[in-house]
Amino acid sequence: MNWLALRMLTGDRSKYLSLILSITFATLLMSQQVSIFMGIVTRSASQIIDVRDADIWVMDNKVRYIDEAPYLPSNELQRVRGVPGVEWAVRFHKSNMTARLPDGNFRNLVVLGVDDATLVGSPREMVLGELSSLSKPNAVFIDKAGYEYMWPNQPFKIGQEFQLNERRVVLEGICKASAPFTTLPIIYTRFTEIEQCLPSNRNVMNYILVKPVAGRDPLEVCKAIEGQTDLMALTQDGFFWRTIDYFMSSTGIPINFGITITLGFIVGAAVAGQTFYLFTLENLKQFGALKAMGVTNVRLIGMILLQAGVVSGIGYGLGMGVTAIFFTFTNRIAPMAGIHLTTVAASGVGFAVLVIILLTSVFSLRKVLFLEPAVVFRG
Amino acid sequence: MSVASKSGPVQSVRSSELAVQCRQIVKEFGVGETKTVALRGVDLDVLPGQMTLLVGQSGCGKTTLISIIAGLLNATSGSLSVLGEDLINMSGSNLVRFRQKNIGFVFQQYNLLPTLNAVENAAVPLIIAGQPRRQAFEAAKRILTLVGLGSRMHLLPNQLSGGQQQRVAIARALVHEPRLLVCDEPTAALDAHSGQTVMELLRQVALQPDRAVIVVTHDNRVFNFGDTIIHMDDGVVSKVEVPDRNSNRSSESMH
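Protein chains in written order, with numbering that gives the first Met the number 0: chain A, 0 to 378; chain B, 0 to 254.
Please note that a few of the clues may not be correct.
Stated by the list, open to error - Below, a sample of chain B positions facing chain A; criterion: calculated Cβ distance under 10 Å:
(1) P47
(2) G58
(3) T62
(4) T75
(5) G77
(6) F104
(7) F106
(8) D183
(9) E184
(10) V204
(11) V215
Stated by the list, open to error - So, partial list: chain A residues that the calculated Cβ filter (under 10 Å) puts toward chain B:
(12) D11
(13) D59
(14) L280
Treat the hints as calculated values from the structure; they're not laboratory data. All values derive from a computational prediction rather than experimental measurement. Don't be surprised by glycine CBs; every beta carbon is placed ideally from N, CA and C.
Given these sequences and hints, build the entire structure.
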């Protein structure tokens, strides 16, 4: 009977292809939008993920997300260092500045200032230059995408100069970094360089990065820090999700993407549903004849579910393939860097396709199950 | 061949030997004001080894009766024995199995699966019965050769003429060797010549000593093929006619 179901399905090639294409389109639209959404939202917290040598972030207790942290007095660093369970604690700076290029152009930047002595929070992977070069006077690193943005169509080269708040800095390295939410270049420099760039600021430390003592639960250490200071301490994971939650609840991103994803689902379900329903309607006499010849309802359900399963399987596979190809090519473009097809998107869309096909099948099944086999005798 | 009586049913044959025995079959559709009575107490006997024609005007209840006999529709009341089985009290699943095993269908519009070729279409009842595809195709080829489609068995229905499609349908109806063949207007969609050919084929191939053939038709050009002609009018059997196939004379009884 499986053979019969598949022959009925594949025999009408135009409908068969329409069904597959509708599922492919729905899969492509949903998986692409879910992946871009996840990529963009993750970008909002990418600087948190990039710091891998500290487990705890300490900040003002009113901070809602990474881009909105007021500077802390420098004595807070000593207070945190004095909390039991803290192995070490270092200062960290994050802000936005404007770079003035030699040709007079300027670019906005994300600036990260790392601890001079330990370089905790510095990039993990260099594209050009050595990590130790960050210790040189006026040294800055820039991320790869940022270099292409600042000096388009130029080969990677170190030694380039520009100004940060009218202070000369020298590019000593090009590194890899996760793309930020705003796709601005990311500049790494030492904390003392930041102090030079922002001389009028009394404080320039907005985060304290903490490593708990080995064997200590980071959550307990966070509680201890919060108990002894008036600051907020979050694990890396906690701060990541706090930032994501802010973007999810305070921006239009989830609504906009949600609308597109929902439309993809509705369009996919409508087109696939209508085509499959028409396919069933056109074969209703044949289903009636099969019923008359002794095919049970259970076997008819099996046949229709098999047809639906095959169409959705092929459509889903093709849709995922096209999405993967899409991201393979777009990953080379700076604004799309780091956005890729995720497992969550693939499985979530897989579930959505399953729902589409089940909804689609229900209408067709309803028609077939309530079909009187005697209908075959009505000319 | 004196098998018809005044009351319609066969009298000289023991009921256990009948292929079909209907007694006071009533069928009503709808309820209340919309209630329609399609059959008003039909008595009917069908002998194995014979072709029984069920004839009458449109709306007289032929199709309803044949649907009940074939186990596709439940009667409102009455008793029905088909091939010795009480169909009225048979459960739904048993009825499906009964149809699968014992009844072959030939439809007015052929109802061939458009995506299957002649062999595959003819093999469908065997595949439904769970026979391996290869064996089913071999059996289908044999029966297609028998109905004269040996050279066209790999063509799709839309590549065959109406008469050829009906032959495929006959092959499909016979491939699993059912003991009752039910044909609904098998010549209605065909020209006169093709209709005659199909009826000849039904007599030659379908008729077996242990197989009964019931043909619903209002095509009086094919009446001469029947061993018994049962006339229906307004939901009852109005006349049973037993043509003398050798002398072109017929005996009649009014109901």
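Cross-check of the supplied hints:
1. P47: violated (21 Å)
2. G58: violated (12 Å)
3. T62: With Cβ-Cβ at 5 Å, under 10 Å, it holds.
4. T75: Given a least distance of 14 Å, the restraint on B/T75 is violated.
5. G77: violated (17 Å)
6. F104: holds (6 Å)
7. F106: Constraint on B/F106 satisfied, holds at 5 Å.
8. D183: holds (5 Å)
9. E184: holds (7 Å)
10. V204: Not OK, violated: B/V204 not within 10 Å of chain A, min 19 Å.
11. V215: Result: holds, 8 Å to nearest chain A Cβ.
12. D11: holds (6 Å)
13. D59: violated (70 Å)
14. L280: violated (14 Å)
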